[in-house]
Structures are given as C-alpha cells and as structure tokens.
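*Asks:* Each chain, written out:
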Amino acid sequence: MPSYSYQPFGYAPPPELSGKTPGRYPVAIVGAGPTGLSMAIDLALRGVPSLVLDDNDVVSVGSRAICWAKRTLEIFDRLGVGERMVEKGVTWKIGRVFHGDREIYSFDLLPEDGHKMPAFINLQQYYVEQYLVERARDFPDLIDLRFKNKVIGVAKLPDGAAASVETPDGPYRLEADYLLACDGAKSIVRSALGLEFAGRLFEERFLIADIELKADFPSERRFWFEPTFHAGQSALLHKQPDNIYRIDLQLGWDADPERERRPENVRPRIERVLGRSDFEIDWVSVYTFQCRRLERFVHDRVIFVGDSAHIVSPFGARGGNGCIQDVDNLGWKLVAVVKGQAGQGLIDSYNDERIRGADENIAHSSRATNFMTPKSAMEKMLRDEVLDLAADMEFARKLVNSGRLSVPCSVAGLRLQTPSPEAILDPGAACKDAPLRRAGDDVWLLNLLGGDFALLSFGEHPRIEANGIRHIHVARPGEGELQDVSGPAFERYGEGLTYLVRPDQHVAAAFRTPDAASIRAAHRRAFDNSQTGQNP
Amino acid sequence: MIDLGRDHLGADGDVFYAALLKAHEGFSPEDSARLNARLVLILANQVGDREVLQAALEKAMERFHS
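As they're listed, the protein sequences go chains P and F.
Quick note on our numbering: the first sequence kicks off at 1 and runs consecutively.
Quick note on our numbering: the second sequence kicks off at 1 and runs consecutively.
Just so you know, the hints here were simulated from the structure itself, not pulled from any lab data.
No experiment lies behind these values; they were computed from the predicted model shown.
Hints may be right or wrong, so weigh each one.
Here are a few chain P residues that face chain F, going by a calculated C-beta distance under 8 Å [to be verified]:
#	residue
1	Asn243
2	Lys380
3	Asp388
4	Leu399
5	Asn401
6	Arg404
7	Val407
8	Gly533
9	Gln534
Here a beta-carbon is modelled for each residue, glycine too, at the ideal position from N, C-alpha and C.
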C-alpha cells in the first residue's frame, strides 16, 4: 500500500489547437522532471518565460533519485523549495561501510557547523517533483506547464528549434528560440537529432526496492560488501521519509530481471536484509548501470540538460545532483543571452563547465561501480585484500569505494574565471555558506547572495563600485551592518578579500586590493564578453 | 615503530586503483601475477628501506598465518 498518493496534475488543451497563439516561444523545455521544472523556475525568477512539455501528468513512480546533496539543496533554496525539502526529507551525514558483518569504515560528510543546508537529505523524487510543480505554479505568467503534451519530433531551425507535440486532442507544432532537452536518459530530443550517447554499460544487475516498514533505523547510509545476509554481493540501505527504506542489492549479471522483480522473489531477499517480515514492498526495479554522455551539450539552439546529456551509476548520488548543477549553471547564462547582455559564447561556456562536471561524476561513479562489481579474478583479489587490510590500515580504508558522494564541481581554470592567486576560495569554486548577523537577525550568506552577480567583501569596507553590481559587505563581529558571527565567514573567505560572485554562486574573481577597472574586466570576462568589450 | 597504515595517496588513491585495474584488464591469471611481481619489485626499490620492506612483508604475510 504506497503511502504517497499520486495526484494527476491535469491536462488542458493547448492554445495552438484552437489557433490562438503564434506558437513561437523564447524557451521551450522538454520534460517536467526535476531538471526541467528547476530550469523553468530558475528562468522565471530571472523574468524569462518558458513552456514546459511533458508526456505524463503525474510525478515519477517509485522513489528513483533520493539523495540530494548540500549544493543541490542550496540551489533548491535559491529556487524557493529548499526549506520545504529539508523539512520533509531525512537529514543524514554519516555513512557506514561494512565488510561481511563487520564495520570497517565510517565517514562524516559535513564535519563543520555553520551551513544552512545539511550534507544530504533523502527525499523521494516524487516529492521533489511535486514541490517543484507547486513552486512553478507561483509563476502563472511565466511558466506554461503542459502535461500530456508529448514531444515526438524536434528539428533545428536557423535561429531556434521546432517541436512536434502530441496531445489527447491532437497534434500541433511549435517553435522556440531555445529548446532545452530535459527529457531524461531516454531523451527523445537526443534521438531526434541523431546524437550518439557514448559510454559504457556495466555488466551487473541491481535490485532496487522501496520498503515500507515501521522501524527506527538511524538516519545513515549503510553499505555492505559481502554481507552474510546477501552472500558474495553488495547491499545499500537508505532511510527515506514516511517509513520508507531504499534497499539496493547486487544480483550479478546472470540474474533474470523479470524473475527478480516478482514479489515472491523480492520478499525473501529483503527479509534476509532486515531480519524481519513486517514490511510492505512499495516499488521494485531491476537496473543495469551505465555511464554515458553526449560529446557536446550545446547544439546551436538545442541545449541538453541533466540525464539527457549524461548518465552515471547511482553510487555517489551524482545523477540527480549533477542535473541540478546543470540547471544552476545554465539558467543565468541563457537569460543573459536572451536579454542581449552576452553572446552565444556564454552558452558554450555551459558546455565546457558542465562537461567538466559530467566527466568528474562519470569518473567517480565508474570507479565505485568497478570496485563493487569486480570483473575478473584479479580485480576480485585486489578488492578482497583492500577490504581485509582496511580493518587496521587507514590507507586501505580510503581505497574502499562504495561511492564518492557528490560534492559541488569547481569550474576553476575555465575561461569565465579570472585567475586570482590571493583568493582563499578559488575562482570557480561554489561559494560556501556561513552564518551572519544583520540588525539583530540571523541570516545566511548564500541567501543574501541569491541569484545575481554580487561583490562580496570581508573586513575593512573597500568602498568600491563597478557596473552597478550590488555589494555585500561582511564586517567583523560587532562592527558593521552585516557581521560575521563567530568566524566561519572570515575563515572561509579570508579577511580583507573582495570576491566577484556569479549568479550561480560560484566565485568569478577575488581581489586583495580591488579597483573598479579590474572588477569591470572580471565581470565582462564572466559574461564571456572580454573580446567584444561589451559591458553586461 | 613503522606506520604502514598511514595514507599517503589521498584522492590519488582512487586514480591509482583505477589505473591498476586497467593495467590488468584482459590479462590471463599468469600474466596478472607477473605484472604484480614486476610492480612489487619496482616499488620495493622505490621504497629503498630494508626495515620498511621487512615490515611490509610481515604485514602482507599476516593473512596467511591466520
């Protein structure tokens, strides 16, 4: 008996079918999953309207993506849904790794205080989608949500893209200046453009099940290599809201997916994991894992975002989290280009910056998957000996790989960033949160940064202005309007430094002695306008 | 006291492990054993300290005494 009640979002006949609109839009988004919905909200917050097309009219079935990392939650917070997600989600930061029945290793993902968002929450994808749909509905003039509008074909135009759409009332065609393919791993847009999705398939099958169980297991990630309850294989346990537990069990390549999916085969396996039988099976799936990506994410006016552009195996929670970082990176750039503040080069920087992210995620998740699914006698032997040595040798514990969990991707060294040797937080890094005081109230640094360019200075006020960029000045405790409370902000950014921060809260440049001309140059560079000299 | 457990690889540990697996890919068990033998000899020379090598040997042998 699933505890989540699936409410259809509803379908309305699109205006094209009664000939009312020109059928040309600034931005069309294909797919109303976490990626497409976040994309529409980010654009709306920046004043750009979009059309969202989805073949379905309910949230995702089954929990699917469940682990949302701190950086993703900070992005969701900027979009206005982060607090709600944390409130509903299961917060965790401790991971435990077992070999057999013996714990060999545990890790704390957020050992320091002074961050608004936790290291991780577990929250079923259906809640994430529901909250995002509800948030999108706060922008009725900017977001046109069209459920049961299935895109069946896409063609590139000289200055945009065209999509053919099927609805319960018949087909129609629309055009957009930009078409964002947020339509997932099996992207129709990708097929329509005939693009290769290169990478590899891991010859391994995993059973993934959501179990409803009234139990009070701690809010931790638990991973087992060769547990006695599931001999010779791996197992993973995550706690979710509503008394739901996610269990991943390695089955081996020879397992028959049809057979393994049947409740009479799933139940005994889960009983052995939990040592009890008072549970209900909510959702079951049998997966093979793949790591693939497109060679390019930007194809003129068609831009791939999220799983349509790259997929990874799930160990490390780098799938869903990678998708939301794509959105964060693209949103402000697309808006700057649509508004004529920057050229197509800024969108190309999305390609370069997020390919770096995708490659990082693919490398980490491939290594983790290789470690947990040895493919030869030698791989197995190396793995066994690492696990054995891990009992009393630190270096071996560090080699044990049950997934290197998602951390924000740095875009350091790529062309939008201005090299700044004096920076404490390097250009390209995502800004770190910190608790601050303003007029007697507790505030968070990332909330103040929001989604526009900002100058962020610490200590002595540099009294500087450039291109009308707003200035957030953090003074010593007890001194200014906005103050550091106990040192974390100064520690994380360095007293006496001024940062230029991008709208996605990544550092663009840092200055020890800022002057208006250098800030303007860094600002132009962050818009990829260095060549043209155009000021944003 | 020689501390053999201390980690010196950091984040490069994952990178080395991946390279090691890749090196063994497609090898017969005999070739894999031979590859490991060569690697041990090269690394031993790189360590270059008889006491450390003796301690490492003893630690590696533990598995076979139990």
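*Asks:* Next step is simple, just say for each hint if it's right about the structure.
*Replies:* Verification of the hints:
| no. | hint | verdict |
| --- | --- | --- |
| 1 | Asn243 | 35 Å, violated |
| 2 | Lys380 | 11 Å, violated |
| 3 | Asp388 | 6 Å, holds |
| 4 | Leu399 | 5 Å, holds |
| 5 | Asn401 | 6 Å, holds |
| 6 | Arg404 | 7 Å, holds |
| 7 | Val407 | 11 Å, violated |
| 8 | Gly533 | 40 Å, violated |
| 9 | Gln534 | 39 Å, violated |
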